[in-house]
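Chains as they are written, first to last, in our numbering: chain A, 11 to 92; chain B, -15 to 134.
These are calculated hints, taken from the structure and not from any lab test. Warning: the hint list may mix true and false statements.
[Claimed, not checked] Calculated lysine to any residue pairs in the SDA-like style (CA-CA distance at most 25 Å, straight line):
hint : chain 1 : residue 1 : chain 2 : residue 2
1    : A       : Lys28     : B       : Ile80
2    : B       : Lys(-10)  : B       : Glu60
3    : A       : Lys87     : B       : Phe66
[Stated by the list, open to error] Non-contacting residues of chain A with respect to chain B, defined by C-beta distances greater than 12 Å in every case (computed):
hint : residue
4    : Lys19
5    : Asn20
6    : Leu25
7    : Lys28
8    : Asp29
9    : Glu34
10   : Lys37
11   : Ser38
12   : Val51
13   : Lys52
14   : Lys54
15   : Lys64
16   : Glu67
17   : Asn68
Given the structure is predicted, the values throughout are model-derived calculations rather than measurements. The C-beta atom is built at its ideal place from N, Cα and C for all residues, glycine as well.
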Amino acid sequence: MAIQINKEKNEICILLNKDFYNIEEIKSTLKDFKEVCKGEVKEKKENQIKIILKPNENSVINSLGHEFCNYSLGLMKNHSVV
Amino acid sequence: MDKNIKINEDENCILISVNPEIYPLDVIYSAAYVFLEKAYLLLEGDPKKEIIIKLTAKERINKEELKKIGKEFLNELISYGFYKKQSEKNNLIRQIILQRVLLTGAGENNDDCNSLMEETEEEDYLDDPKGIAIPWEEKYGDKKNGNSDK
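The following block holds chain A by itself, in its conformation from the complex (with noise of 0.2 Å):
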């Protein structure tokens, strides 16, 4: 699973193939997300990056991962311009 719900936590995990996902523009979304959650970035060796995900709030949790993978999609999209 890509994203992994942590409810006692109150952590999210997301697992993105670096093939598909830019490292800065997982950057650039975890900056625009600040009001909502805090997280950190990990660059895995396995050709994967690592995203914890710390909401601000418990209620976002269970749409916050899928949230997220969306915007940093658009983000890749804008990046590509096709």
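Please arrange chain B on chain A, whose structure you already have, making use of the hints.
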């Protein structure tokens, strides 16, 4: 029939498998962008062999509707794929037109443009070389008494 579409009704999602040789990554990004409002999208797989797009509907929908979204996505892929092919085909002619436009602006007509600008800069707004400015008193004033205060 739809071997590249797999529906998972329990997870409210659909997995679409795409061949990157037919649909390049930038075409997939563009098609995905259209669906960002309707669904949550994730890209997985191998960018050289097989790209898997996971579309999770934002609202709970049935199997048929999920299938419909999947097919709409495939349509978008074709649409953007065609757009990309056309824009690549027209790339050279677009460049030529743009070059021509820019050169026209910077070339022979530029002298005319500069002289016009110089003329305009030299003129004062109070000048009336064609004699079209008429004083208010002359046009609307009391012509009998020559009184302009009325």
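Against the structure, the hints come out as follows:
Only pairs whose Cα atoms come within 25 Å are accepted, and Lys28 of chain A paired with Ile80 of chain B is rejected, the gap being roughly 37 Å. Restraint check for Lys(-10) of chain B and Glu60 of chain B: the C-alpha separation of about 18 Å stays at or below 25 Å, so the hint holds. A distance of roughly 17 Å separates the Cα atoms of Lys87 of chain A and Phe66 of chain B; the hinted pair therefore holds under the 25 Å criterion. With a cut of 12 Å on Cβ distances, Lys19 of chain A stays outside the contact zone with chain B, its closest approach being about 22 Å.
The beta carbon of Asn20 of chain A sits about 20 Å from the closest Cβ of chain B, which is more than 12 Å, so the claim that it is off the interface holds. Distance check for Leu25 of chain A against chain B: the nearest CB is about 10 Å away, which does not clear 12 Å, and the non-interface claim fails. The Cβ of Lys28 of chain A sits about 10 Å from the closest Cβ of chain B, inside the 12 Å cut-off, so the non-interface label is violated. With a minimum CB-CB distance of about 4 Å to chain B, Asp29 of chain A fails to clear the 12 Å threshold, and the non-interface call is violated.
Look at Glu34 of chain A: its CB is around 15 Å from the nearest CB on chain B, clear of 12 Å, so calling it non-interface holds up. Every C-beta of chain B lies more than 12 Å from that of Lys37 of chain A, the closest at about 18 Å, which supports listing it as non-interface. The non-interface label for Ser38 of chain A is consistent with chain B: the shortest C-beta to C-beta separation is roughly 16 Å, beyond 12 Å. In this structure Val51 of chain A is separated from chain B by more than 12 Å, as the shortest Cβ-Cβ distance comes to about 17 Å.
With 12 Å as the threshold on Cβ separation, the claim that Lys52 of chain A sits away from chain B holds: the shortest Cβ distance comes to roughly 18 Å. In this structure Lys54 of chain A is separated from chain B by more than 12 Å, as the shortest Cβ-Cβ distance comes to about 15 Å. The non-interface label for Lys64 of chain A is consistent with chain B: the shortest C-beta to C-beta separation is roughly 20 Å, beyond 12 Å. Against chain B, the non-interface label of Glu67 of chain A holds: every CB pair exceeds 12 Å, the least being about 19 Å.
With a least beta-carbon separation of about 19 Å from chain B, Asn68 of chain A lies farther than 12 Å from that chain, consistent with its non-interface assignment.
Comparing the model with each numbered hint stated earlier shows that hints 1, 6, 7 and 8 do not hold.
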